[in-house]
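Colleague: Single-letter residue listing:
Number of protein chains: 4
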Amino acid sequence: MAEAIAPGRLAAFSDGVIAIAATLLILEVKAPPAGEEVWPALRHEWPALAAYAVSFLVIGIAWIHHHNMFHQVRRVDRGLLFLNLGMLATLAYLPLPTATLGNHLTGHDAVPAAVFYSASVMVSAVWFTLLWNHLCARPYLLHPAAREFAREARRRSLLGPVCYLLAALLAFVSPVGSLILNAAIILYFIAGRRSPASRVQRPIPASAAGSEEEDTARDGEPSPDAR
Amino acid sequence: MAEAIAPGRLAAFSDGVIAIAATLLILEVKAPPAGEEVWPALRHEWPALAAYAVSFLVIGIAWIHHHNMFHQVRRVDRGLLFLNLGMLATLAYLPLPTATLGNHLTGHDAVPAAVFYSASVMVSAVWFTLLWNHLCARPYLLHPAAREFAREARRRSLLGPVCYLLAALLAFVSPVGSLILNAAIILYFIAGRRSPASRVQRPIPASAAGSEEEDTARDGEPSPDAR
Amino acid sequence: MAEAIAPGRLAAFSDGVIAIAATLLILEVKAPPAGEEVWPALRHEWPALAAYAVSFLVIGIAWIHHHNMFHQVRRVDRGLLFLNLGMLATLAYLPLPTATLGNHLTGHDAVPAAVFYSASVMVSAVWFTLLWNHLCARPYLLHPAAREFAREARRRSLLGPVCYLLAALLAFVSPVGSLILNAAIILYFIAGRRSPASRVQRPIPASAAGSEEEDTARDGEPSPDAR
Amino acid sequence: MAEAIAPGRLAAFSDGVIAIAATLLILEVKAPPAGEEVWPALRHEWPALAAYAVSFLVIGIAWIHHHNMFHQVRRVDRGLLFLNLGMLATLAYLPLPTATLGNHLTGHDAVPAAVFYSASVMVSAVWFTLLWNHLCARPYLLHPAAREFAREARRRSLLGPVCYLLAALLAFVSPVGSLILNAAIILYFIAGRRSPASRVQRPIPASAAGSEEEDTARDGEPSPDAR
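First to last, the protein sequences are chains G, D, U and Y.
For the first sequence, position 65 (counting from the first letter as 1) is numbered 77 according to the working numbering, and the numbering increases by one without interruption.
For the second sequence, position 145 (counting from the first letter as 1) is numbered 157 according to the working numbering, and the numbering increases by one without interruption.
For the third sequence, position 214 (counting from the first letter as 1) is numbered 226 according to the working numbering, and the numbering increases by one without interruption.
For the fourth sequence, position 92 (counting from the first letter as 1) is numbered 104 according to the working numbering, and the numbering increases by one without interruption.
Hints listed in this document are in silico derivations from the structure and should not be mistaken for laboratory results.
Warning: the hint list may mix true and false statements.
It does not matter which identical chain is used: a pair holds within one copy or between any two.
[To be verified] Within a straight-line C-alpha distance of at most 20 Å, the following computed SDA-like cross-link-like pairs (lysine to any residue) qualify:
hint : residue 1 : residue 2
1    : K42       : P52
2    : K42       : R55
3    : K42       : G119
4    : K42       : R90
5    : K42       : L61
6    : K42       : A131
7    : K42       : L142
8    : K42       : E57
9    : K42       : T102
10   : K42       : G189
11   : K42       : R159
12   : K42       : A149
13   : K42       : L199
14   : K42       : R150
15   : K42       : H146
None of these values were measured; they are calculated from a predicted model.
The following block holds chain G by itself, in its conformation from the complex (with noise of 0.2 Å):
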């Protein structure tokens, strides 16, 4: 059935998905409840904050990925379709390892939770590997420009699962350095250099383009409804 859906459509529904996830995130945080002190009782919520700051980005950086993947597609066949539902369902349910960490960060048993929560960020990021072999090896479902980008995605895409199984291993030490390094990750793949994909652009048709305007067309860069 998989060869029905578009990739557009795909990708649309993902982005809910990933939404959705991101803004779910919050709920975990509990805030002070009547009767009790304000000031204190937000303290008490740091580790709670800082994990929902950091799960913000991660979920963040996944969409930025998961976009940039779906723009080089132009079929979706049934391994691709499963391992996407694999992703989102990871991705959606990261709000359970970041309640753990907010829970127990500064707890007896923060080191647990600590790698439980780095191993979770290391799966979602694993889909991203799995996905980008996929295409690899299928490259009649890439746009012929994309394919041999694609495999440079690949290659790049190891980085994010090795970068965060560090960030479990560190847990194991310091569960509060471990969340830092989690988040210097992130920050590195949003402004650094070497994030998975960051070179992997399809050029535009100018069939696609002529309905756009002068300058956007000139970027490369229409929106996705334009196409």
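Got chain G; can you put chains D, U and Y on it based on the hints?
Modeller: This is chains D, U and Y only, laid out in the frame that chain G set:
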């Protein structure tokens, strides 16, 4: 009033509801509270995590099926609108039986929880049979090229309810076995050839493909935005 | 600032809020906790499930009505923006009266819960009258062909608040009867001929239909994406 | 990696996060539990309901502002992506200060709750100043016609943080007064003339308007889908 609803808009609204239902599921899995050991608490949540994974796939397959169905629809009448709302209400309610199963799968009342779960999933699948039935009886709602395929899809759409009914019956004997059977049904629908609508592909007219990139148009799968 | 808001974008944002409000409703139905008997606990939740079903349909019909309204709108001014935000805030708040009704329908305080519920639904319907009123008083916000129909829609939009007011009054006598009346009103709006805007169809100009498939264009109902 | 993100796609993802954040707010208002009197329990929730209404409008105005900003953007760079993620994380976190204010507005610790609330809203407004600043310093990210307007929008975007800062200061004297001031600021932004970007309208080039309906094109406000 239904005549004024464009199929594309109804599909987009349905996508939103389905994406949210899938993502809300994780809220039913309880994070280990502060003070408890993390690993034992997470192990204790395995039924909730397993129910999360299966329900996420159930909703994912429903999204695929829904997408394939609305790809064939060119007009929405009141009956279609009502049946679609019923289907959405059933999918959006799945977090309830999912949480019930997660709470009870390893307890003394696992049988009714597993029966309730499989029966709920079965009801969500029955809506698709009702929807295809409605469409087959009113062929003017379908794109002309889709009409013969819709009859085939209606026949195939009976497979889902029958399989989930078997899972509900199995739940009386083995609640865990029932959950595994549900998972197997889903994986079969994703990976297999017999899923409803797998062959139902509406040919894309030349006029619609005109603004598409060459190689995408040849695949007969333009994104919905492009049409 | 409102002049810069495109009607299609405002409608899409509204769709998102409405879809989320509908899907959040289920979170107010409590799953049977571990240790309790499943069937008795579910039976005990029947008021919450009934309130869920009715509210889902209330929000569904509001989506249909909203979609039909924005199909007629060609410009958004500040008043329309403000009224639309008020309507969205009311729809997004419906989980609160829904949960209240679910908690109290079979208890000793069922009357105020049912009055609160029906009055809340009534308020959500009043916004539509206010919106049509705003549009009729500013015809330049509407597509030219929609102006005479908008006056008709304004007249018909009074039917919803009046019906829901009757349901609120009935709640003083029979809370369960009030919920049933609410359900009947919704089903009447979906199935019946008198719903607001049922005849309000803006003709599609030839230029907009040009990129459409032949038979879709003849139906006068191209998807919003295609225009 | 940011270069590959189309402005329209980033705006759509942001819309999703913003719509969800607005709709999640109601989950922080507690429905009267079974066994309690309904009206007294609802009266007791008035601070939560008032905080809900103000936060819904805060997020609504942020959506409008965000929409207006991205209407001017033709390219997304890493800085814009990062600032936008920060803004989304702040908006998605507003349910926390909203619930805090709702829990404490009538209690003994109302001052810190109201300060926390107004300061959080202020931070969400500061992101817009940072975003406009980023855009003004990199005019190649903007549509050419939007550049002089962006400088004006940057100047005006200082108004929001200043107003919300005043509300935060007022909270030290009167928490309820602070909430009322926040509401007044929002209503002023919606109804008034001084909101940022109110004059910032990018002229629509003839090529983009070509597929539009005649009278819509004359308004210079085609839907984003149509471009």
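Colleague: Check each numbered hint from earlier against the structure, then list the numbers of those it violates in ascending order.
Modeller: 4, 7, 10, 11, 12, 13, 14, 15
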